[in-house]
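Asks: Dock chains B and C against the given chain A, drawing on the hints supplied.
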Amino acid sequence: MLIDRDHRRWAYATLLATVAGAATYAVYVRSALDGPRGGSGPGLAFGVAGSALMIYAGLLSARKKAPTWRIGRAQAWMKGHLWLGLLSLPLILFHAGLSFGHGALTRVLMWLFLIVILSGLLGVVLQQFLPRVMLQLVPMETIYEQIPHVIAQLRVEADQLIAAACGPFHGQLEPAVQLGRERRMQPSRKRQPFVSAGLLEGAEPLKEFYLVQVRPYLFDAGRGSALGDPIKRAPLFEQVRPLIPPALHEALGDLETICEERRQLSLQARLHLLLHGWLAVHLPLSFALLLLGGVHAVMALRYRY
Amino acid sequence: MADPAVHLTIDGRATTVPAGTTVFDAARTLGIPIPTLCHQSNMEPVGVCRECVVEIEGARVLAASCVRPAEEGMVVSTNSERVRRTRRMLIELLLSDHPRPCARHREFGDCELEVLAEREGITTPRFPGSPGPRRIDDSLPAIRVDHSACILCDRCIRACTDVKSNFVIGRMGKGYPTHIGFDNDLDMGASSCVSCGECMVSCPTGALTNTAAPATELTTGMKFGLDELLHIPIFRGVSSQFLEKNQGGVVKRNFRKGEILCREGEFGSTAFYILKGEVEVFLTAPLAHVKKAGGALGFMSKLTSLLAGGREDPRPDASRRPIPIDGPVDLPLDHPVAVLGEGELFGEMTCLNFYPRSATVRATGDGVVLEMLRNVLQILQKNREFKAQLERNYKQRALASHLRASPAFAGLGDDALDELKERAELIRFEPGGVICRQGEVADKFYLIRIGFVKVTQTHPGGEMVLAYLSRGQFFGEIGLLAGGVRTATCTALDHVEVVCIGVEDFNRMLERFPEVRRSLEQTARERVSANRQHLDAVRTVPLDDFLDQGLMEAQSLLLLDLEKCTRCDDCVRACASAHDGVTRLVRDGLRFDKYLVATSCRQCKDPLCMVGCPVGSIRRKESLEIIIEDWCIGCGLCADQCPYGNINMHPFRVMEQDPGGVASRKAVLRTKATACDLCTDHAEPSCVAACPHDAAHRVNPREFFARELVQISPAHGGAR
Amino acid sequence: MARTRTTKRLAKRIELHYFQQPHPFRRLVRWLTIAALAVSAGWIGLSAASKDNSPYSRGPLSTPHAMFSKNCVLCHGGVRAAGPEANSRSASLATGFFRRPVSDPACLQCHAGPAHHERQVLDRGMRTDCAGCHVEHKGFADIRLFSDRSCTQCHADLRVREGTTSFVKNISSFSPTGHPEFAVLRLKSRDTAQLKLNHQAHLKQGLRLQDGTVVQMNCSDCHRPANYSRSWPYGQVPPERPGKSPGGSAGPPSSDARHMAPVDYARQCSGCHDRDLEFDKSGLFPGIHAPHDRPEIVHAFLLEQYRQALARNPRLKMESPQALVRYPGRRSPPLTPRTNDAWVAERVREAETLLFMKGCKVCHAIEYAAEALPVIVPTAVPARWFSHAFFDHHAHRALTCVACHDRAPDSTRTADVLLPGIKACLECHSGAKNEGTFSTGNTRARSGCAECHVYHDQTGPGKLWEGAREIRELTKVIR
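Those sequence lines, one after another, are chains A, B and C.
Numbering that gives the first Met the number 0 numbers the first residue of the first sequence as 0 and each following residue consecutively.
Numbering that gives the first Met the number 0 numbers the first residue of the second sequence as 0 and each following residue consecutively.
Numbering that gives the first Met the number 0 numbers the first residue of the third sequence as 0 and each following residue consecutively.
Examples of chain B residues toward chain A, derived with CB under 10 Å:
1. 564
2. 565
3. 566
4. 586
5. 593
6. 681
7. 689
8. 693
Hint data in this document are derived by calculation from the structure and do not stem from the laboratory.
For glycine and all other residues, C-beta sits at the position ideal for the given N, C-alpha and C.
For reference, chain A alone in the conformation it holds in the complex (with noise of 0.2 Å):
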């Protein structure tokens, strides 16, 4: 989430906390018998507190579950996901010793954990500009999940309209309309021929460059296209344009605008999964963390001492 002024509050509880943790940790070191140890008095508080906070981050992911339930809203559960669960850092770190745990399941669990924060900072990170760049550069976003139906649904429409201003294929396109899930879509009712039907005196290049050049973007926007660059692109309409009769330069243009959607759409889905990737990482990290980290409290609290 974006962090902005109304974090301040929680950026200083959350300082606080970690100096008066350190403050803490100080006094405990120097007095502890034989140095800072997880199973002592102290450090089990700082572990106790640390894995309270990580369970409550974790949380976040049951609450989202339930996203009905008045349990506060959503945003003050993320608000401290982020903060508890930065601060949930420091206290395991004190509550090893700081030092990057000797066993092998304490060493897992500190890689785990140091890994699970990563990854949640470096989604914290992203998420403070990546929401801008898409505003900028998406403009005509969609819903992600959406973005292979909304995309079909694309090819639809160009193969509609260039059948409507140059006439119909008449068996040019093999697979037909991919239709199947897009057969909900029903041609626009409001949408006139441009032309009556028959194909225009003049209109064949514009379908020629449709058959070769659109729809296999449209198809299969692979990154080498033109079409797929706007800077290329604009040039590639433009020969075709002085080709084709003035009535059919705004089906041209149409077209061009579904080109420029497709290219939006593929930066989306790039875009989001960008801002999304570290979620692969943190996610599943994060419940292995919880698992051994109870693991890890049971064991270490059987045979503390």
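Replies: Quick look at chains B and C alone, frame taken from chain A:
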């Protein structure tokens, strides 16, 4: 208001009318008919046909009475020799260009021009006609345009422009070739005409006539012979010729016990009249898909619901009332079943306005119904006897429930109701008809029987829609209670019938029942203050691009701050889990500034969606959020009407009574309309509460954007 | 008509139930989660199945205990305290339904851990159980090197339950202020050994032996750890080589290496001081010295020697020792024949007089008796000067002896205590913390209490492990 009283004399009879009344209307109050072609009572007079000329004492020339206001001490003669001569000349001139008989006269014998001519005894005009027949345009299947028969009275133009606001028809050319034209003089079929038929209805001649539309013949059921038809009491008094033309529009249907006559949600075009037998009217749409199932809850689910914090909206919902249906009765909320018997008519709304059926009708015994199309129904409705019967039925069965449904009238005694039944009057309005006008003298109280009424207020900035009212709701009380002047204009949106209660009866009722008066005054106050709030809001915000997206219309927008939103979709999932697994929010839409205006109900000030709901299940609560009640029948009209795609139709798996046969329950998928209900059973909309990134906000756009609206430069704002 | 984007058109593109089918990315995350959980659970499960507790260890065990790494319960809760010992322990450390703390009985199976001081006052939170000080799982550190705080929590402000204590009451660290001078020096004790030893005389330059050779002695000529394997330059006994047994390898220096071997006449002194044990001036026994032993044995030795000498040469008894010396102009006294015994007794007396009055007294104190053999006062050389600490000379072999024992070359009296003061220790051992952990970066030598001191009262007898097992049995247990 100026001095209301103007005294004048018409044809020797003195009368007093409010200032501003035209001579034409003044004569009408005296019962003096003045022939006219271009003027119709629901339109602004333009005075083009000059047929209504009258002679005014002391005036140099004759005046068109439809546009001439009455003046103090005016002495008018409507039938003087000079007037008659002039009128005759005008008819002759018009007729010289008119095909005889025109299509309408040929079919129905009621071409207004030719009727006038016949009355004046003109058979052949003395003047030569036009050089040749003009064009006939039959590019539209339902309406045929014969330009030869057109007398350029402008009625169609006004109907299209003022009544229906379609702005298709206009005058073209000048001089002799002047004619009416569609859009930029296109064929009617190529124009943006929506085939509403308003022009055809208003045309006095055969210039715009109904061609045999595909649906004027009913194919199922037994056809009637003309004689048989004339023997049915309700057709008594109807012109046999006219009936003959429309024979195909009515059939007799025998039904057996248990047979379904019509199902809710179906689209239809017929009305039913019960000749014999009884039918049962009910809703199969179950009444609880939004509310959670109650009953004995386990501990866990109790805990869960405690956590979920769901609760019934604690606000008293005074607007809950019986479910209005397309029949003479309303269905009670708790047990939506009613019985209709002999001599009752149902399905009017569907027939006239092509709304979906509002309820399912099943025969409880064998019997006979008449099924009729719009043309026949309209004939019937013009029939005085039938109209009286309808009125009687309505007053007997629905008036009381309509009145009592509103808490304002809950205290009304039975005797008072009986009295009202006697005195109340049923008035019809065509689509676009003005029921009462802002600034007029208030003399009636209205209760809607069928149709939708739009309440608007005119302000320097333009017209503002205050409300849409539907069956069972009342209006006009503000004018009666305070000052006696109408504060708003009420217009019929479709075929509307209202019950009028005169000012004396109304006042008597209030005297007898002070508590009714108090609560009515309360209602009036609330409405006035709500209106004022609307108005203030409109006044304080500058109007600019903001309007383009209709954001100004919205009372509440779901905005997603795209600089914060990580597109995690939690809002959608929250919405779905708050609403039985379907989302009422689509996270796509247009952007405004850095916000995504998510597709979710905007609680428009002018909620187009509410117009036409056949069962009145989409409505406003008093706090103005729009809710769709449980008894939605899934016709989808509201979803079509919503300009923003905010209403969606979702199938729900429900148990319902099988209307077809035995009283067994079966699981079926019922489609219902869903729209954002702002999670009124929670403190905050679920989507907003579930947004982890502080990106979702439900805001009043005018307040939220108040600052931005001033700052946004044209280059920055606006739609994408 | 150009493409227009309206809210409704945009919204209608979307499938209303899209969110119910998980998107590939979400599915990926879900699978990764399951995989991560499975791997974690699998690891824990596998180690549980193979009865390997080592993953839960909070760190490697110390070297001697490393073989117990896999089986926690060997130490943790495996042996329950019984009897009075159980009651003495605080309840929080009791092995319960869930808790498996390390119990002292587990340690006591192998180790003797006698109590420190019965009279110590325990404050709240102080632990007296083994693991309270000997913290395990700290890697290959010596768990005997526990934290100073374990000691200073009492010794910084020493209180006893009853009576008084002779210990300094405020020992807080090994520093000039935190630690007192060693008791021997602090109390200015004298060396009460009954031996005449002049270090200065031994170490002086140009020391001339009785045979006239000049030597330069070193400290190590006399003072060496017991297992030091070079031959003694001034001894006549060949050195023992304890580390070298056939087929074995030379192990690390045994604990004997820490301490200097006691000075032994045969090994260290005899090379020079044999002459002091010559008992016959007549040259009757060339090369034979009296044994360095008790007077009774010396007496018996002398009797035997003279008897044998008489047996070899009976004429001897004819001669008085004086008669053997002829002075010109003087008549030799007549040879008075004596009995054999008389002769031997006379000779032995002479020899004993020589030894006891002169030879032995070079070093020893002797108590004479009128009619009996004298008694050699026991030397009573203190083996260690530290009463509560141990010093490892082997560990300090990089230093010359006089680096610390700086007074030794000038000491002329036995009574001089040559123990270096704390100042010498502090040259290297000061301030550096020894927490017995992995802490590195100390530029100073360690100065923890446990470097020198031992908590346990080890004056008692050691203990054997009663549970000693066969090899195979042991490997089964520790697995």
